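**Q** Turn these sequences into a full structure, and let the hints steer you where they fit.
The primary structure of each chain is shown beneath.
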Amino acid sequence: MSFVFTIGIFFVLNTKLGAIPPIGKFLNPYSGIWQNETTESIEGIVSIPGLKDKVTVHYDEQLIPHVFAQNESDLYKAQGYLTAKHRLWQLEFQTFAAAGRLSEIIGEKALNYDRTERRRGMGYGADQAIAYMEKLDKETLSYIQDYADGVNAYIKQLKPEDYPVEYKLLDYQPEAWTPKKTALLLMYMTKMLAGYDDDLENTNALRLLGKENFDLLFPDYFDITDPVIPKETDWSFIDVPQTPLPNSQTVLDTITETISKPNPDNGSNNWAVSGDKSTTGNPILANDPHLGLNLPSIWFVMQLSTPNHNAFGATIPGALSVISGFNQYIAWGETNATRDLIDWYKIEFNEDRTKYKYDGQWKDVSIRVEDIKIRGKENYKDTVLYTHHGPVVYDKNFMSENKRSGYAMKWIGHEGGNNQKTFIKLNKAKNYDDYVKALKYWNAPAQNFVFASTEGDIALWIQGKFPNKWEGQGKFLMDGSNPENDWQSYIPQQFNAHTKNPERGFVSSANQHPVDENYPYYVFNDGYETYRNRVINDFFNSKEKFSVDDFKNLHNNNYNLKASEIVPYMLANMDASSLSEEEKVIYNEIKAWKFNNDIDEVGPSIFRQWYGKLYNLVWDEFDVEDTALDAPFTYQTIYLLKNHGNHELMDIVETKDKTETAKDLFLIAFKEAAARLEEIKKERGDYKWANYKATYAGHLLQALPAFSRFDIPIGGDRNIVNATSENHGPSWRMIVEMTSPPTAIGIYPGGQSGNPGSKYYDNFIDDWAAGKYHQLNFLQSNKANNSIIGTQTLTPKN
Amino acid sequence: MKNNIINFFATIVLAILLSNFLPWWSVMTAALATSLFIPLKKTAVFFVPFLAILVFWGIYSFILSSGNDYTLAKRIAVLLPLGGNPYALMLVTGIVGGVAAGVTGIFGKQITLASKER
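Protein sequence lines correspond, in order, to chains A and B.
Every letter in the first sequence is one number past the one before it in my numbering, and letter 649, counting from 1, is 649.
Every letter in the second sequence is one number past the one before it in my numbering, and letter 30, counting from 1, is 30.
Subject to a maximum C-alpha distance of 25 Å in a straight line, what follows is the list of computed BS3-like cross-link-like pairs (lysine-lysine):
hint	chain 1	residue 1	chain 2	residue 2
1	B	Lys74	A	Lys25
2	A	Lys428	A	Lys52
3	B	Lys74	A	Lys16
4	A	Lys642	A	Lys591
5	A	Lys425	A	Lys138
6	A	Lys543	A	Lys772
7	A	Lys663	A	Lys642
8	A	Lys381	A	Lys403
9	A	Lys759	B	Lys74
None of these hints come from the bench; they were simulated from the model.
Predicted, not measured: the structure shown is a model, and the values here were computed from it.
**A** Set out below in structure tokens:
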């Protein structure tokens, strides 16, 4: 009896039960979480197998490692080793998420997620990238192998008690790192930044609304554009024409549901001013990528140097070299250059689904079996059919019931390529020509690469591999059997839109339209940003010279241009006579608001509520059962409210006896918003912006409260230059002045350590929220100065 | 009483030694060994190894955590949930180890009794 009891106790304390970790293993002080109560070791000598020479790592007080290696191979080994040392769990978890392997860790509840990622072709795309490098670029692949060796050297040193706390919580172990995981990480970024499309939703919308309404609601160009590449740019050097329009019919299917998509707010700001426009005479460059605010942060800051180059900036765990940063000669940064690079093709299969119709013939289907391991259960095998377009994501086995047809995905992410090489070369670039050469390897996700050099050049290239589409191609579901619907060719790389040293003295991008209508190719995307870019460009047109302080102020600019373009109109056109006393208070509050989303304002909260309710009322037509639909974008919504206030779509469908106009909606929405604001006031004490928004940085495991930071006092919002919404915003802010060598400041909402038990886990967050920056100590030689708090030496293992 | 004290310290010493080459259940092994060789009576069968390991794990976790400002303990005490109190987490840690050891102590006692009956 007591034997059974003893075994029972052992089992309970040694086994993960549901979400509860194996409590004996988890809590015991010699191998459980208490062993993670440590600060990072930043001194001493560590021997690493495979190093060719000694590598010195100086840590400064922000725990930024300054790496001095004697050759590139050692440099990437050290980068892999150090990234694993500080971020091992995140490093691995992100690639599990990319590969659709979360069921292995958390069980069956992740199966649907895993199937989606695999059917999206994440693993397939990573395989293509590795195959490309094996064939055409063994050098880059060898560096990726060096990085893997470095990660594995760290993993091999670990005993179970040393595993990061998340492994103990979820009760699993790290596995060996491979080059494919780097390819998967790059796919993860490609999905995050070039994985959004509304083609299928647009197909439904076109079918329900008709072409005229669709074009009014979803125009290719808004009435205002302030594109990335200045309007006056001369395109006469382009001599390859746009693909001519074929006689192709849209397939007007009813699509009931679509796969999950990345956050459409994933975007960024970057800009640079020329020496002439800078108070010091040196060009200045800034970058702030807007991504999910997570802990551990997506960024890990490092200095990476060999005797031949010296780069500094933000790295991404899993990718080699610096991604957004600078070296002794140049600085660079990225924003997302969204374009519609996902297209959908309707596929018609033969009886046994081994062939599909194409060009009047039957073409063979190829098969990729996705073997999904599930914790505590048998594997799930998902057979994905591949056409020459790409994977058939939707078929009778997934989100569709049609036995003989499916939807295949054509995605730039499946094309293979050598994105890693771009960054390796940028890290070593010395001037504009080197920068342009480095960019040529970049396929996807397309980025606006901003550039500044100590020689005085500024530039911006919109770089990616872009199909040369016919007008309207891929906006809706296409017939996959018609060869004219295939991507016919790509825009030659040298014709990608770019600008160097423009007359206006600055370059900038904020995910807006890349070009105006004069650019000779079809440029379409599901939603370009239309606010941040105008605030940024207006700022740089507002005076002669700009300083680093101006740059800081612009990063932290909370001006809500969107609100300023609709609130006065709503106030002027709403009949306020029926408002109650409480509603009048709120009415007067927003009337007094100067459109700044600062933390102590109530205006931003009122606007968010009011506009949110209004948006849902306007687009109630888009709430159709079993039909995937996405409502129009903010800019066009506001345009329609102001210019087409009596349009039939303004009517509320539910109220049969009345026909509402925009002006009616203003009042209804205001009253609904006021009621909700009163509730919020009761719940939280007030509805000041900081309180209302309650920005947080959530741990990668579904914002596990123990490892997350809540109620971060920061202003801003989406569509504002300081693009901080609830859980999304400037994930890295960097400003570089092109002195020789460059001087730079930077900060991100997290910390260098991935260990929640470290004081370096979230120590940047308060300064980040306050709009402060940290000096980036750009060491010019392998000598510790007074900013260095510890030095560790990595030596070859004999 | 004397046996209680000897058993108490022997369990701790043995648990420390065994922890060098066994996982967390070394405390169960230690409690089993001491219950066989240093017999206890009545409620002491459970409570002596229970207290021994409670003290051992509690103090050890305190030492590890206090050197790091209880940074992680405070977070884990949110996770479990113990109101973010690191000392509560140490107590829970001690109790978990203690219960495992105490139950094993009872098991050891029954082995002793069973072998005597034969």
